[in-house]
Amino acid sequence: MNNQSLLFSSASARTKKTHILLMVLISISLGLTLGCNTKADRPDSALEEQGNLADSSITTSEWSISLNNAWARPTKAGMMSAAYFTMRNNGSVPDSLVRVSSNASKDVQIHLSYMNDGIMVMEEQPFVAIQPSEQIPFQPGGYHIMIIQPSMDMNEGDMISLSLFFNSGMIIEQTIQVGNPAM
Amino acid sequence: MNTKPTIVKPSSFVLLFIFLSFVLLQSACMKDYKVIDDMNDASFELINQDSVRVIFPEDFRGQYVVMGFVYTNCPDICPLITQNLIKIQKDLGYPDNVQFLGVSFDPLRDTPEVLHRYKEVFKVDENVNFLTGEPTMVQSFMDSVRVRTQESMRTTTESGMEIYFLNHSDKIMVMNPKGEIIIEYGGSMPSIPSLIVQDLQSLIQ
Ligand SMILES: [Cu+2]
Chain A
1 MNNQSLLFSS ASARTKKTHI LLMVLISISL GLTLGCNTKA DRPDSALEEQ GNLADSSITT
61 SEWSISLNNA WARPTKAGMM SAAYFTMRNN GSVPDSLVRV SSNASKDVQI HLSYMNDGIM
121 VMEEQPFVAI QPSEQIPFQP GGYHIMIIQP SMDMNEGDMI SLSLFFNSGM IIEQTIQVGN
181 PAM
Chain B
1 MNTKPTIVKP SSFVLLFIFL SFVLLQSACM KDYKVIDDMN DASFELINQD SVRVIFPEDF
61 RGQYVVMGFV YTNCPDICPL ITQNLIKIQK DLGYPDNVQF LGVSFDPLRD TPEVLHRYKE
121 VFKVDENVNF LTGEPTMVQS FMDSVRVRTQ ESMRTTTESG MEIYFLNHSD KIMVMNPKGE
181 IIIEYGGSMP SIPSLIVQDL QSLIQ
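Sequence lines, in order, name chains A and B.
For the first sequence, my numbering assigns the number 1 to the initial residue and increments by one for each residue that follows.
For the second sequence, my numbering assigns the number 1 to the initial residue and increments by one for each residue that follows.
Here chain A stands alone, though its shape is the one from the complex (with noise of 0.2 angstroms):
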């Protein structure tokens, strides 16, 4: 930017030049103002192409993402169930959880219900962003991991898998209860 400003002052001595410069100079520091903000959207498009875009350069030593009192409620194949956990980062790095999967069905969602005008919403959540020592419930009545149309039977004290990728391309895979332990 400096070499650009003296060029600019070097060359004012000749006002027709002056203004095809500055034209230029305005065309070059839009053309730079847009490539920033195309470079600040990339965590949104990265999470719709995620898998392409995870980010290597994260080690595993700043990144430390955990899941505590992890369940699942008991449903018959073919009906609903929801996984439920704190996540918590322990780690130095932010990240997004933004798929999950597990063997108890093909189709899992990462959703959130809340309530909006008197009404219970439930709405699916594209990613779950995480910062530093940030804690976050998935709890009844909010996050949750929706297990839909189960293939199996879930009883009481059967365990099902759940795999959880983030943005980082780091995936937590994990086994967790069916039924809830605090009841």
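Careful: at least some of the hints might be erroneous.
When the alpha-carbon atoms are kept at most 25 angstroms apart in a straight line, the in silico DSS-like pairs for lysine-lysine are as follows [claimed, not checked]:
1. B:K178 <-> B:K34
2. A:K76 <-> A:K106
3. A:K76 <-> B:K87
4. B:K90 <-> B:K123
5. A:K76 <-> B:K123
6. B:K178 <-> B:K123
Please keep in mind that the hints were generated in silico from the structure rather than gathered at the bench.
Model the placement of chain B with the ligand on the given structure of chain A, informed by the hints.
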């Protein structure tokens, strides 16, 4: 200048406290239940999980009714409402003179068989009835109790089947023996069972 602070004797505090508690206690005991909805203007023909025909509110006249509103494809909120119904029944000591109902607002999918299975999964007591019915009948019933629903997400499953979810009111209500709805609470909140149990105990005694 006299800067001596005015000291209120502790005994005055105690007296005031007792007086206020008394006033509060009395107002709580005399809690006035206003009629939220009179269900007697209409009659709804519904069906329970065993395909037994139920006429609402006629079949329940003379008894208190605790009812929650659910749909069985809901894995997150409706189980909380169902579990609250179960807890209210248990905490009241499985009374014979109170009816418990779970009414589905998704009659297209919640057939009696589905409701039967749902009751099994949630280990619901046999004296709790889950109701469904003909869609237009269920819709007018929901309108009369002001339970709103709206279709939300549609998802195509891996096997190519389309499923949908519903956004819905979150309610548990109490109807008195005259067929009037007198209590309405948020259905899924953990504090609801103890409130309804208190209300019913003070009403029934
Ligand atoms: Cu959900």
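Going through the hints against the structure:
no.: 1; hint: B:K178 <-> B:K34; in the structure: holds, 13 angstroms
no.: 2; hint: A:K76 <-> A:K106; in the structure: holds, 15 angstroms
no.: 3; hint: A:K76 <-> B:K87; in the structure: holds, 22 angstroms
no.: 4; hint: B:K90 <-> B:K123; in the structure: holds, 12 angstroms
no.: 5; hint: A:K76 <-> B:K123; in the structure: holds, 12 angstroms
no.: 6; hint: B:K178 <-> B:K123; in the structure: violated, 30 angstroms
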